[in-house]
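FYI, numbering that gives the first Met the number 0 numbers position 400 of the first sequence as 399, with every residue one higher than the one before it.
Since the hints were derived computationally from the structure, they do not count as laboratory data.
A couple of the hints might just be wrong.
To be verified - Below, a list of computed lysine-lysine pairs in the DSS-like style, where the Cα atoms sit at most 27 Å apart:
1) K95 to K30
2) K53 to K22
3) K296 to K241
4) K82 to K236
Unchecked claim - Quick list of the computed label-pair ranges, beta carbon to beta carbon:
5) N45 to T346: 51 to 59 Å
6) R207 to I374: 30 to 38 Å
7) L42 to R207: 53 to 61 Å
8) L404 to N89: 30 to 38 Å
9) T308 to Y103: 24 to 32 Å
10) E214 to N89: 21 to 29 Å
11) Y103 to R378: 48 to 56 Å
Don't be surprised by glycine CBs; every beta carbon is placed ideally from N, CA and C.
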Amino acid sequence: MRSCGVFRLQQELVQFLEDFASKKSVFKNKKVFQPSYKPATILHRNDLIEQMAKILAPVLKLEKPSNLFVYGKTGTGKTLSVKDVAEGFNKLVISKNIPLKILYINCKLKRISDTEYRLIAQLAREFGKTIPPTGLPTDEVYKLFFNAVDESERAVILVLDEVDQLTKKTGSELLYNLTRINEELSKSFVSLIGISNDLNFVDALDPRVKSSLSEEELLFPPYNAVQIQEILNERAKEGFAKNKIGQGVIEKCSAYAAREHGDARRALELLRVSGELADRSNNQKVTTEHVDEAEEKIDRDRLLDAVSTQPKQAQAALYSIISTSSGKQPIFTGTVYEFYKELCTRTDLRPLTQRRLSDIISELDMLGVITARVISKGRYGRTREIVVPKTLQAANIRRILQDALNL
DNA sequence: AGTCCACAGGAAGGGCAGGCGA
DNA sequence: TCGCCTGCCCTTCCTGTGGACT
Numbered sequence: 000m001r002s003c004g005v006f007r008l009q010q011e012l013v014q015f016l017e018d019f020a021s022k023k024s025v026f027k028n029k030k031v032f033q034p035s036y037k038p039a040t041i042l043h044r045n046d047l048i049e050q051m052a053k054i055l056a057p058v059l060k061l062e063k064p065s066n067l068f069v070y071g072k073t074g075t076g077k078t079l080s081v082k083d084v085a086e087g088f089n090k091l092v093i094s095k096n097i098p099l100k101i102l103y104i105n106c107k108l109k110r111i112s113d114t115e116y117r118l119i120a121q122l123a124r125e126f127g128k129t130i131p132p133t134g135l136p137t138d139e140v141y142k143l144f145f146n147a148v149d150e151s152e153r154a155v156i157l158v159l160d161e162v163d164q165l166t167k168k169t170g171s172e173l174l175y176n177l178t179r180i181n182e183e184l185s186k187s188f189v190s191l192i193g194i195s196n197d198l199n200f201v202d203a204l205d206p207r208v209k210s211s212l213s214e215e216e217l218l219f220p221p222y223n224a225v226q227i228q229e230i231l232n233e234r235a236k237e238g239f240a241k242n243k244i245g246q247g248v249i250e251k252c253s254a255y256a257a258r259e260h261g262d263a264r265r266a267l268e269l270l271r272v273s274g275e276l277a278d279r280s281n282n283q284k285v286t287t288e289h290v291d292e293a294e295e296k297i298d299r300d301r302l303l304d305a306v307s308t309q310p311k312q313a314q315a316a317l318y319s320i321i322s323t324s325s326g327k328q329p330i331f332t333g334t335v336y337e338f339y340k341e342l343c344t345r346t347d348l349r350p351l352t353q354r355r356l357s358d359i360i361s362e363l364d365m366l367g368v369i370t371a372r373v374i375s376k377g378r379y380g381r382t383r384e385i386v387v388p389k390t391l392q393a394a395n396i397r398r399i400l401q402d403a404l405n406l
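Put together the whole structure using the sequences plus the hints.
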């Protein structure tokens, strides 16, 4: 009996896969919509790319260019443009045999470059050194890196993407050390390019680092709706099959993205998910309804994903918050902690201190799951006012957390 | 003007896992 | 195996604070 059931299931699966494979997709080349995809031409960024190339040009004569700081909100083409310039230089490096090495590091990548040690170790590895993931003293790793760079006469351009994430976690010590690197080198030199989403990042820096890192600055302004539309049109031509995009779809995607500070990445994601939804519902064309649906789906998925990948303690904290919040009245740290302690005894979870829970609450706030702001209730103390946003699908999230916490 | 609440949030340090060389 | 190093998560201890109340 059982094997018969399995057989039927398998048959259905094969049928499904066959259908899927033979089904016409609205996409022609989906890769076009990946964030890492580099289009042949980068629209609306010519000036900035040119400026960047000019700033870095001395490197071709083995003169040290100024350090450069690139900033602008997410999806304004910073990384893309820097990579484009780097590619241009790399072509020359090969054809003219220039001893130039351009390193790109994303400081946000977990477990690779989110601490001082890891980042420097990663850099040293780029120069062919083997560094253990942990174990060595940090100054030892610095030494290894410096020696590796200085092995021969050469120029190095170090691109630190999302550099603001780095100082958030490790302080500005690392950046300070990097800006001083040339004092340790005799044969080579290193120029830094910092990329940041945080517009106030430089101002918050240690003045010594600030003056050094931002010898030159480039601001990437947000795209406007028309520009995003052109970018989407360009990608859609490559990514979608002919006549698969309905009236107003591109316009709607651009409008949504422009509303959120001109984020082209988000616009592209929206377009891609709209296409996927059209495929899934067997539609021949992407419609504006798919865009609306996609917008909702993206938000939902992001949040649910963030919640389900949280550590147990953070999940317990969130569960406590959702459970104590009655909807209308805001709740406070103390109330949440009481519930949380009780929850811990129910679930055999080791209760953390209120101090720690307080940090977890502010982490959840930063994640965007809840809003928590510090308020004063006068005579009744100072605390955090925690609000579960109406848009949060509290019931859904509660269910996920119940599963995760075995409730 | 002073008090006092209920925390926020900084600093220091403990304990752990993971890795190294000797 | 041992001593030493790291990052990470956490506790303990502490000082700071906005504004209602007196």
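**Request:** List, from low to high, the hint numbers that the structure doesn't satisfy.
**Result:** 1, 2, 7 and 8
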